[in-house]
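S.K.: Now for the letters of each chain:
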Amino acid sequence: MTLLDVDSIYKSYDEEEVLEDVSFGLDQQDVEVIVGPSGSGKSTLLRCMNRLTEIDSGEIYLNDDEIHDLDENELRRRVGMVFQGSNLFAHLTAQKNITLGLREVLGMPAAEAQAKAMEYLRQVGLEDQAESYPAELSGGQKQRVGIARALAMEPELILFDEPTSALDPELIGEVLTVMRDLAEEGMTMLVVTHEMDFARSVATRLMFLDDGRIVERGPPEQLFEDPREDRTEQFLGELADIY
Amino acid sequence: MEAIVLQSNDWAFILANWEQFALGTAVTILLTITSLVVGFVAGFPAGAIEVYAPGWLRKPVSAAGVILRGTPIVVLIVLFFFALPIPQLGTFIIIDAKVDAFIVATIALGLRSAAYQAQVFRGAIQSIDEGQMEAARSVGLSKFQAIRHVIFPQAIRRSVPGFQNEFTIVLKDTSIAFAIGLAELLTRAEQLYLQPGHDTAVVEVIVTISVIYFVLTFATNRALDRLEQRYAVPEGSG
Numbered sequence: 001m002t003l004l005d006v007d008s009i010y011k012s013y014d015e016e017e018v019l020e021d022v023s024f025g026l027d028q029q030d031v032e033v034i035v036g037p038s039g040s041g042k043s044t045l046l047r048c049m050n051r052l053t054e055i056d057s058g059e060i061y062l063n064d065d066e067i068h069d070l071d072e073n074e075l076r077r078r079v080g081m082v083f084q085g086s087n088l089f090a091h092l093t094a095q096k097n098i099t100l101g102l103r104e105v106l107g108m109p110a111a112e113a114q115a116k117a118m119e120y121l122r123q124v125g126l127e128d129q130a131e132s133y134p135a136e137l138s139g140g141q142k143q144r145v146g147i148a149r150a151l152a153m154e155p156e157l158i159l160f161d162e163p164t165s166a167l168d169p170e171l172i173g174e175v176l177t178v179m180r181d182l183a184e185e186g187m188t189m190l191v192v193t194h195e196m197d198f199a200r201s202v203a204t205r206l207m208f209l210d211d212g213r214i215v216e217r218g219p220p221e222q223l224f225e226d227p228r229e230d231r232t233e234q235f236l237g238e239l240a241d242i243y
Numbered sequence: 001m002e003a004i005v006l007q008s009n010d011w012a013f014i015l016a017n018w019e020q021f022a023l024g025t026a027v028t029i030l031l032t033i034t035s036l037v038v039g040f041v042a043g044f045p046a047g048a049i050e051v052y053a054p055g056w057l058r059k060p061v062s063a064a065g066v067i068l069r070g071t072p073i074v075v076l077i078v079l080f081f082f083a084l085p086i087p088q089l090g091t092f093i094i095i096d097a098k099v100d101a102f103i104v105a106t107i108a109l110g111l112r113s114a115a116y117q118a119q120v121f122r123g124a125i126q127s128i129d130e131g132q133m134e135a136a137r138s139v140g141l142s143k144f145q146a147i148r149h150v151i152f153p154q155a156i157r158r159s160v161p162g163f164q165n166e167f168t169i170v171l172k173d174t175s176i177a178f179a180i181g182l183a184e185l186l187t188r189a190e191q192l193y194l195q196p197g198h199d200t201a202v203v204e205v206i207v208t209i210s211v212i213y214f215v216l217t218f219a220t221n222r223a224l225d226r227l228e229q230r231y232a233v234p235e236g237s238g
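Read top to bottom, the protein sequences are chains A and B.
Note that the first sequence ends on residue 243 in the numbering used here; no numbers are left out.
Note that the second sequence ends on residue 238 in the numbering used here; no numbers are left out.
Keep in mind the hints are simulated off the structure, nothing from the lab.
A hint or two may mislead.
[To be verified] Each computed SDA-like pair below joins lysine to any residue, with the alpha-carbon atoms no more than 20 Å apart:
no.: 1; chain 1: A; residue 1: Lys-96; chain 2: B; residue 2: Pro-153
no.: 2; chain 1: B; residue 1: Lys-143; chain 2: B; residue 2: Ile-156
no.: 3; chain 1: A; residue 1: Lys-96; chain 2: A; residue 2: Asp-69
no.: 4; chain 1: B; residue 1: Lys-143; chain 2: A; residue 2: Arg-78
no.: 5; chain 1: A; residue 1: Lys-96; chain 2: B; residue 2: Lys-172
no.: 6; chain 1: A; residue 1: Lys-96; chain 2: B; residue 2: Ala-26
no.: 7; chain 1: B; residue 1: Lys-143; chain 2: A; residue 2: Leu-52
no.: 8; chain 1: B; residue 1: Lys-98; chain 2: B; residue 2: Ile-156
no.: 9; chain 1: B; residue 1: Lys-98; chain 2: B; residue 2: Pro-153
no.: 10; chain 1: A; residue 1: Lys-116; chain 2: A; residue 2: Arg-103
no.: 11; chain 1: A; residue 1: Lys-96; chain 2: B; residue 2: Ala-179
no.: 12; chain 1: A; residue 1: Lys-96; chain 2: A; residue 2: Leu-52
no.: 13; chain 1: B; residue 1: Lys-172; chain 2: B; residue 2: Ala-26
no.: 14; chain 1: B; residue 1: Lys-143; chain 2: A; residue 2: Tyr-10
no.: 15; chain 1: B; residue 1: Lys-143; chain 2: A; residue 2: Glu-127
Fair warning: this is a prediction, and the values are worked out from it, not measured in the lab.
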């Protein structure tokens, strides 16, 4: 079942081409990891999926709905996003970070929203932090609340924009574990990350993006062991040296 | 310079006229409150407009702020007193202050405060990390919902120190209503020492009202500090 179908999208800022003729598709339960040098268009590509960034041309279908025909709030309810710097609502507790969307977007009654928030906090192992404010949480905990916040809306797809890049090394594991569990439960995920162990063990496919174009895309083992393009081999080799 | 020698009979004169100080203080407090309310009701939306509104609305609001902030408050109050078509409306009971002068003072102090409160609020809104809006929109909140539930609550908290400052300024600047003869604290003080035979009491009278102004600003600032602590949220990066 095709869940996401991206068809020849283009995006440029001030005449600088950021995305050029990018096309790919995701099936339900796919986990696709996007890698590429900085400035290659990874974040932009991700942000086009929930229209935080608007494309110049092309088409994107989410379960057969062209996303530009959808109301943008409706689209964003259906496509969750987890940010590099969690972006938790700083004035709200962990639980209220989750209930805000449930209450205001889905119109859920307070008691039901609270119960649901607790359910998702439990899923990311933070039910005992429900009353904590973001400033009282560690970076890893914040990211897990951010994931719970996205999950609670029961999206069809979740976008992860470098969810561990801003974390201290010892906090990365707990976030990746939650993401791995999600993948196992069948969540469809589009993940920008440099965590190659995660890509190798969890991703169904790996996409190498460079200069706004998909250079190569395929099962992770193929890209790691037998890349078709020299650029892919070179970049993944450099990543392996760093991480 | 006999006038600046603090004489005991001058203090007795002040005590005997305690009612004038009490009434003046009441007018000062009332005028502070009405001006701050006008300042908030006009300044809060003006601050939001300066951040979010399209040019046709933002530009005139912003220009009005520039003019109000660039004009001395005494000039504003005198201008409004003579330029605004406010009829004679008699006097308030008990506090015995002219209604028309009170309204003019409220408009002048209120609009001037609005111009500053708008800047406080605008700065607070702009200090909120962009990621907060993006995260709110990503959950599916509309821009309006995001502003209301995510941006404003944080911006208002960050505005408290600025509002506190504004409170002190407005309270002290109510004394400018002296220029249009409103019977607030300074005006009544002047009426006391201008009484025949009491010119020696100038310093005592002015010291007395200074103490009253100080107590008022100090006490309210303390109260606002408490309020701020009570509604504080642990700060730090979200």
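S.K.: Hints first: check each against the structure and report whether it holds.
M.R.: Evaluation of the provided hints:
{"no.": "1", "hint": "A/Lys-96 <-> B/Pro-153", "in the structure": "holds (13 Å)"}
{"no.": "2", "hint": "B/Lys-143 <-> B/Ile-156", "in the structure": "holds (18 Å)"}
{"no.": "3", "hint": "A/Lys-96 <-> A/Asp-69", "in the structure": "violated (31 Å)"}
{"no.": "4", "hint": "B/Lys-143 <-> A/Arg-78", "in the structure": "holds (17 Å)"}
{"no.": "5", "hint": "A/Lys-96 <-> B/Lys-172", "in the structure": "violated (41 Å)"}
{"no.": "6", "hint": "A/Lys-96 <-> B/Ala-26", "in the structure": "violated (43 Å)"}
{"no.": "7", "hint": "B/Lys-143 <-> A/Leu-52", "in the structure": "holds (12 Å)"}
{"no.": "8", "hint": "B/Lys-98 <-> B/Ile-156", "in the structure": "violated (35 Å)"}
{"no.": "9", "hint": "B/Lys-98 <-> B/Pro-153", "in the structure": "violated (39 Å)"}
{"no.": "10", "hint": "A/Lys-116 <-> A/Arg-103", "in the structure": "holds (11 Å)"}
{"no.": "11", "hint": "A/Lys-96 <-> B/Ala-179", "in the structure": "violated (52 Å)"}
{"no.": "12", "hint": "A/Lys-96 <-> A/Leu-52", "in the structure": "violated (23 Å)"}
{"no.": "13", "hint": "B/Lys-172 <-> B/Ala-26", "in the structure": "holds (14 Å)"}
{"no.": "14", "hint": "B/Lys-143 <-> A/Tyr-10", "in the structure": "violated (26 Å)"}
{"no.": "15", "hint": "B/Lys-143 <-> A/Glu-127", "in the structure": "violated (30 Å)"}
The structure fails hints 3, 5, 6, 8, 9, 11, 12, 14 and 15 (numbered hints given earlier, in ascending order).
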